[in-house]
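A.B. asks: Here's the letter readout for the chains.
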Amino acid sequence: EADIYQTPRYLVIGTGKKITLECSQTMGHDKMYWYQQDPGMELHLIHYSYGVNSTEKGDLSSESTVSRIRTEHFPLTLESARPSHTSQYLCASSEYWGTEAFFGQGTRLTVV
Amino acid sequence: EDQVTQSPEALRLQEGESSSLNCSYTVSGLRGLFWYRQDPGKGPEFLFTLYSAGEEKEKERLKATLTKKESFLHITAPKPEDSATYLCAVQAEAAGNKLTFGGGTRVLVKP
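Just so you know, the sequences run in chain order A and B. Residues in the first sequence are numbered consecutively from 19, following my numbering. Residues in the second sequence are numbered consecutively from 546, following my numbering.
Any given hint might turn out to be false.
Stated by the list, open to error - DSS-like cross-link-like pairs, simulated, lysine-lysine; straight-line CA separation at most 27 Å:
#, chain 1, residue 1, chain 2, residue 2
1, B, K587, A, K36
2, B, K643, B, K587
3, A, K75, B, K602
4, B, K608, A, K35
5, B, K655, A, K75
What the hints assert, rightly or not - Facing chain A, from chain B, some residues (calculated, C-beta under 7 Å):
#, residue
6, F579
7, N642
8, K643
9, F646
Don't read these hints as lab results, they were simulated from the structure. What you are looking at is a predicted structure, and each value in this text was computed from that prediction instead of being measured. We put the CB at the ideal spot given by N, CA and C, even for glycine.
Just chain A, with the same shape it has in the complex (with noise of 0.2 Å):
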């Protein structure tokens, strides 16, 4: 079974808040990821991360920004929420390039 957590599972915020999303894993995983999904379409990848101090964007363009101090953390900010940025966001860990990656169970974020 995965080990890997986000919180909050579900938050509603007002336009122009600063908000941190968290997901930690336990499995000591080196890469990981963050996807935006919104209902019923596919996952769009925002950022990824080699490992500690490493951090990529990824192939949908976003507002957020994300850090890799810690091998287990890997949270996901936005400066100042707007109502485009609803949606909800996945984590999801793997040990090595080409090996399976184990997602959390999202946070849903509104914007109002």
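Knowing the structure of chain A, use the given hints to seat chain B on it.
C.D. replies: Chain B in isolation, oriented as in the chain A frame:
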């Protein structure tokens, strides 16, 4: 640009009616092709990894196969609990090791 295309977008099956889902990909330096199952409101659940053409993996009623250009997920004698969205993803060295997903196939199995 690397692409992953899944078909059909949606599939309605009667219980026991076997079918196949397709995942076509155009990547260079494939590190792995992955199949996931996703239930509404949840994160994707890992099913299979395939690495090279000719490889096959099986789990209960599901069987995944891989060629140089596509992968198939065969569902044999499906049950209602197999209803879900099935996702295909690829990871390739030439694409910077991004894990890229296709659009998914929504499968509904009616009793």
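A.B. asks: Would you settle whether the hint for N642/B is holds or violated, based on the nearest Cβ-Cβ distance to chain A being less than 7 Å?
C.D. replies: 5 Å, holds
A.B. asks: Checking one constraint from the list: CA of K75/A to CA of K602/B, max 27 Å. Satisfied?
C.D. replies: 32 Å, violated
A.B. asks: Going by Cβ atoms only, is K643/B closer than 7 Å to chain A?
C.D. replies: Because about 6 Å separates K643/B from the closest Cβ in chain A, which is inside the 7 Å limit, the hint holds.
A.B. asks: Going by Cβ atoms only, is F579/B closer than 7 Å to chain A?
C.D. replies: 6 Å, holds
A.B. asks: For the pair we were handed, K643/B and K587/B, check the Cα-Cα distance against 27 Å.
C.D. replies: Holds - the C-alpha atoms of K587/B and K643/B are around 22 Å apart, at most 27 Å.
A.B. asks: Take the C-alpha atoms of K587/B and K36/A, compute the straight-line distance between them, and say whether it is at most 27 Å.
C.D. replies: 25 Å, holds
A.B. asks: Hint F646/B vs chain A: min CB-CB distance below 7 Å?
C.D. replies: Since chain A brings a Cβ to about 4 Å from F646/B, closer than 7 Å, the hint holds.
A.B. asks: Assess, step by step, whether the Cα of K655/B is no farther than 27 Å from the Cα of K75/A, and give holds or violated.
C.D. replies: Answer violated: K655/B to K75/A is near 41 Å, above 27 Å.
A.B. asks: Compare the distance between the alpha carbons of K608/B and K35/A with 27 Å, and conclude whether the hinted pair is satisfied.
C.D. replies: With a Cα-Cα distance of about 46 Å, the restraint between K608/B and K35/A is violated, given a limit of 27 Å.
The structure fails to meet hints 3, 4 and 5 from the earlier list, while all remaining hints are met.
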